[in-house]
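Work out the full structure: start from the sequences and follow the hints.
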Amino acid sequence: MRIEVRDLGYIYSEGMPFESVALEGVSFTVESGEFAAVIGHTGSGKSTLLMHLNGLMKPTHGCVLADGIDINEKTKEAREARRKVGLVFQYPEYQLFEETVLKDVCFGPKNYGFSPEECEAKAISALKLVGIDPDVKGSVSPFELSGGEKRRVAIAGVLAMDPQVLILDEPTAGLDPKGHQDILDMVKKIHTDRNLTILLVSHNMDDAARLADRILVLDKGHLAMDGTPQEVFSHYDELHSIGLSTPSASELLHLLKQKGLNVNPNIFDEDEAAEEIVRALNNK
Amino acid sequence: MAIKDITLGQYYPGDSVIHRLDPRTKLIGTVLFLVSLFVVKSFTGFLFCAICLGILVKLSGVPFKFMARGLKAVMFLIVFTAVINLFMTPGTPIWQFGILKIAREGIYRAVFMAIRLVMLIFGSSLLTLTTKPVAMTDGMERLFRPLAKLGLPSHELAMMMTIALRFIPTLLDETDKIMKAQTARGADFESGNLRERAKGLIPLLVPLFVSAFRIAADLAMAMEARCYRGGDGRTRMNGMAFTRLDRIAAVLIVLYFAAVIAIGRLPLF
Amino acid sequence: MSKETVIQLKDVGFSYYTENEDGSLNTDTDVTMKHSEKRMALDGVTLDIERGSFVAVVGSNGSGKSTLAKHLNALLLPVSGEVLVCGMSTADPENTWEIRRRCGMVFQNPDNQLVSSVVEDDVAFGPENLGVEPSEIRRRVDESLKAVGMYEFRKKGPHLLSGGQKQRVAIAGVLAMQPECIVFDEPTAMLDPSGRAEILKIIRGLHGQGKTVVLITHFMEEAAQADRIIVMDQGRPILDESPDKLFAHAEKLHSLNLQMPFGASMANKLAARGVALPEGIITSERLAECLCG
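Protein chains in written order, with my numbering: chain B, 1 to 284; chain F, 1 to 269; chain D, 1 to 293.
One thing to keep in mind: the hints can contain errors.
[Stated by the list, open to error] The calculated DMTMM-like cross-link candidates involving lysine to aspartate or glutamate, where the alpha carbons are at most 25 angstroms apart (straight line), are: (1) B/188 <-> B/133; (2) F/180 <-> B/19; (3) B/103 <-> F/190; (4) F/132 <-> D/136; (5) D/156 <-> F/173; (6) B/220 <-> B/24; (7) D/155 <-> F/174; (8) D/252 <-> B/118; (9) D/155 <-> F/190; (10) F/177 <-> B/80; (11) B/257 <-> D/279; (12) B/178 <-> D/136; (13) D/269 <-> B/271; (14) B/103 <-> F/224; (15) F/72 <-> B/207; (16) F/180 <-> B/162; (17) B/76 <-> B/118; (18) D/269 <-> B/272; (19) F/132 <-> D/152.
What the hints contain is simulated information worked out from the structure, not anything from laboratory work.
Here's what the structure looks like:
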């Protein structure tokens with residue numbers, strides 16, 4: 001599914017003395033099957049943007065199109081389009097409420113009127129996708145799971161609605177390095193297995209560079225940059241001026257360049273950066 | 001965010017004479033003012049109360065419009081009381097339609113009750129508008145402390161109020177987040193009959209309770225780590241002390257109350 | 001016990017499943033986490049923490065690092081062995097409050113540890129509990145808020161602050177009790193990068209002023225700032241080294257699911273490619289110096 005955002009604007013408490021602009025003139029398109037990362041400071045408007053993508057918030061200006069359908073229309077197609085945009089919030093495990101893992105994952109499809117059998121089939125397939133064995137954990141209370149497992153179940157709860165776009169707001173927040181890596185591997189797997197369009201909000205530039213084909217940079221409610229990781233992360237000074245950075249490898253290469261070593265600073269992979277440093281040292 | 005629009009019970013920041021009074025003075029003063037509204041039996045008496053209240057509002061620097069907004073929330077109650085009194089008071093009928101009849105005494109009573117209610121609300125909101133919730137809690141704790149001997153846990157009640165004040169915004173935020181997350185999963189909190197709506201609240205209430213328990217467990221541990229062990233041996237940073245201002249206020253409160261009683265004894269309309 | 005030792009753990013064992021014999025010391029009530037296996041959360045931990053040192057405790061989830069932290073100020077009591085804080089045993093209820101005053105604690109969740117709806121009242125909470133004179137509380141509150149750069153927010157409500165700012169208020173609340181030692185239990189886990197940087201800067205500053213700091217974290221970059229790192233696994237400290245020596249154990253750390261700081265990992269990669277580098281490189285800055293120096 002293709003997501004098109006046209007001149008999106010959102011103003012909090014419009015017309016009141018304390019109104020504030022959360023988004024202004026944001027336009028971009030994410031193609032079907034693309035993996036886009038959204039980066040920006042806390043308060044840059046990332047969360048507000050995400051909530052517009054599946055109609056949880058209504059724009060004060062502009063529109064959001066999913067495969068050409070304006071998702072804020074009151075038609076059946078628009079409701080269907082909203083269902084196809086799955087949104088995973090930060091700390092999604094806080095939304096779990098059912099008696100069993102399976103029932104909880106069924107909640108989404110049930111709300112959209114699927115039969116109990118269909119719901120269960122969708123839930124089982126979603127649980128498998130996130131790496132939770134439905135036979136072992138399906139009948140367990142979600143509150144008895146470990147932190148990482150809870151988060152996976154919550155993500156399965158969104159996947160069970162068969163979205164074509166999956167939006168994840170910092171899915172690794174609060175996890176340890178192992179949990180962090182596992183969740184990202186899972187997102188990668190979902191992307192390839194189901195060929196979903198993915199929008200991932202992240203604070204980690206290394207993750208963004210490694211996973212995404214596309215980077216959207218938000219700053220103070222505006223879309224500051226939009227391009228491939230190569231393009232976006234080559235704007236070292238611009239990123240730093242809005243309080244962001246480039247991937248660690250690139251940061252190191254920039255440091256070396258400043259100190260007079262002749263390296264190409266726009267390399268984001270650790271091993272490639274190591275090769276580049278060796279090459280530069282040999283040419284010195 | 002409709003909840004945030006209600007001004008009743010809100011604090012209006014300022015540094016007026018009224019703001020600076022000790023919360024205990026204001027609490028006692030407010031209670032006496034409310035009592036005085038029931039002592040008064042005549043419109044002249046109400047006029048006196050209203051003038052005094054008007055002076056206090058003026059002194060507090062709270063805009064009258066801001067106070068009046070608080071009335072909106074209870075307008076229904078005032079109108080309802082007035083209407084009941086209007087029709088239900090027996091006396092000389094001046095208008096009749098079927099079983100509905102309005103007596104002269106009814107009009108008098110309806111207006112009387114409406115004025116009393118409006119003044120009750122203005123009087124108590126003057127207290128909350130000029131006293132920070134935290135100061136109010138402290139004031140109540142101090143006032144009720146002598147009752148501890150009778151088994152009233154004044155410190156514990158005050159601590160509970162402090163924590164409630166602290167976590168109400170947090171829980172409102174939490175509610176908003178959970179609602180959004182469940183809406184994203186197709187939950188519907190707005191349509192259906194009463195039964196369906198009540199059932200629809202489960203996906204909101206269960207996570208909310210879980211959150212509340214987590215907060216409680218975390219907070220209890222954090223409080224213990226900071227050496228909290230109940231009210232015994234505790235000191236307060238903002239020690240309360242009656243100042244000259246409070247002494248003046250006390251004299252004025254006594255004079256006011258005496259005047260109200262005196263007016264009540266006069267044969268006035 | 002040498003003069004410099006602030007905290008001493010002697011063969012400490014703890015399990016969330018063991019009932020305490022003494023009913024008054026019910027240590028199990030605060031446990032919200034459910035352990036799937038019946039094993040010891042702490043299994044014979046013996047270590048000393050010196051006055052004025054900066055110790056980081058790392059380990060993956062369930063390694064026992066948070067359980068360890070809660071033993072340092074009598075929030076949990078050992079089932080076996082003994083914890084001494086400034087020479088006082090945590091097992092003796094007489095010592096509990098003095099231990100908690102001397103060894104303050106900052107928790108993970110910035111929201112759930114602030115008590116009052118006004119910042120300065122929250123900071124006053126600790127000293128108020130200790131029965132400190134009102135004028136002295138005022139002085140300490142102002143001083144602590146200034147120390148964490150939150151003085152101008154003293155009249156604000158915590159719900160209007162960012163995560164990092166709330167954690168700074170929590171730190172001020174501990175400082176106002178004038179502790180000798182502060183235990184930070186994953187203080188940055190729920191913060192964004194800028195909040196994380198703020199808190200770490202304050203922690204380093206406190207250490208610079210002579211406070212003993214124990215930092216529980218799963219971020220190796222943060223742990224690398226300490227002068228000693230203890231790696232926990234299955235309730236036991238399995239490595240206990242200075243950062244420059246610790247990161248030589250790359251394989252071992254990897255097997256424990258712990259990430260090397262970027263600088264150290266890069267230095268290893270370069271060394272493997274035949275670049276001559278001194279040992280003990282941790283940060284990118286140091287690595288750049290070595291390469292271009």
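Outcome of the hint check:
no. : hint            : in the structure
1   : B/188 <-> B/133 : 19 angstroms, holds
2   : F/180 <-> B/19  : 22 angstroms, holds
3   : B/103 <-> F/190 : 22 angstroms, holds
4   : F/132 <-> D/136 : 23 angstroms, holds
5   : D/156 <-> F/173 : 17 angstroms, holds
6   : B/220 <-> B/24  : 9 angstroms, holds
7   : D/155 <-> F/174 : 24 angstroms, holds
8   : D/252 <-> B/118 : 47 angstroms, violated
9   : D/155 <-> F/190 : 38 angstroms, violated
10  : F/177 <-> B/80  : 23 angstroms, holds
11  : B/257 <-> D/279 : 23 angstroms, holds
12  : B/178 <-> D/136 : 46 angstroms, violated
13  : D/269 <-> B/271 : 7 angstroms, holds
14  : B/103 <-> F/224 : 38 angstroms, violated
15  : F/72 <-> B/207  : 53 angstroms, violated
16  : F/180 <-> B/162 : 19 angstroms, holds
17  : B/76 <-> B/118  : 20 angstroms, holds
18  : D/269 <-> B/272 : 10 angstroms, holds
19  : F/132 <-> D/152 : 19 angstroms, holds
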